[in-house]
Amino acid sequence: MGINRTLDLDLLLAEDLQLQEDRLQIPHPRMHQRAFVLYPLLELDPDLIIPGLGAAADWLKASDSQICRRWTD
Numbered sequence: 001m002g003i004n005r006t007l008d009l010d011l012l013l014a015e016d017l018q019l020q021e022d023r024l025q026i027p028h029p030r031m032h033q034r035a036f037v038l039y040p041l042l043e044l045d046p047d048l049i050i051p052g053l054g055a056a057a058d059w060l061k062a063s064d065s066q067i068c069r070r071w072t073d
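Mapping of the sequence shown onto the numbering used here: position 55 corresponds to residue 55, and the numbering continues sequentially without gaps.
Warning: the hint list may mix true and false statements.
Stated by the list, open to error - Pairs of lysine to any residue residues, derived as SDA-like cross-links and limited to a Cα-Cα distance of at most 25 angstroms, are as follows:
#1 K61 <-> D16
#2 K61 <-> Y39
#3 K61 <-> Q18
#4 K61 <-> P29
#5 K61 <-> E15
#6 K61 <-> L17
#7 K61 <-> P40
Honestly, the hints are just simulated from the structure, not real lab data.
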């Protein structure tokens with residue numbers, strides 16, 4: 001899985017910024033494919049638009065086959 005890292009931090013969004021650099025892409029290049037990312041984002045902003053990709057809610061509908069459960073203790 002590549003190099004060992006002390007911390008792996010995924011920066012998902014930064015307002016409407018779109019950035020493509022060797023080591024940083026904003027928005028995160030695969031966030032729209034991951035229900036575990038989209039569910040909490042849509043709880044914060046049900047009308048969220050992912051820059052360059054469109055409505056997050058539409059992407060969540062497309063990821064219907066992914067199992068994602070809310071964790072509680």
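Verification of the hints:
1. K61 <-> D16: holds (22 angstroms)
2. K61 <-> Y39: Given that 25 angstroms is the threshold and the Cα spacing comes to 11 angstroms, the pair holds.
3. K61 <-> Q18: Since the Cα atoms of K61 and Q18 sit roughly 23 angstroms apart, the hinted pair holds (cutoff 25 angstroms).
4. K61 <-> P29: Roughly 18 angstroms between the alpha carbons, so the hint for K61 and P29 holds.
5. K61 <-> E15: holds (23 angstroms)
6. K61 <-> L17: holds (24 angstroms)
7. K61 <-> P40: holds (14 angstroms)
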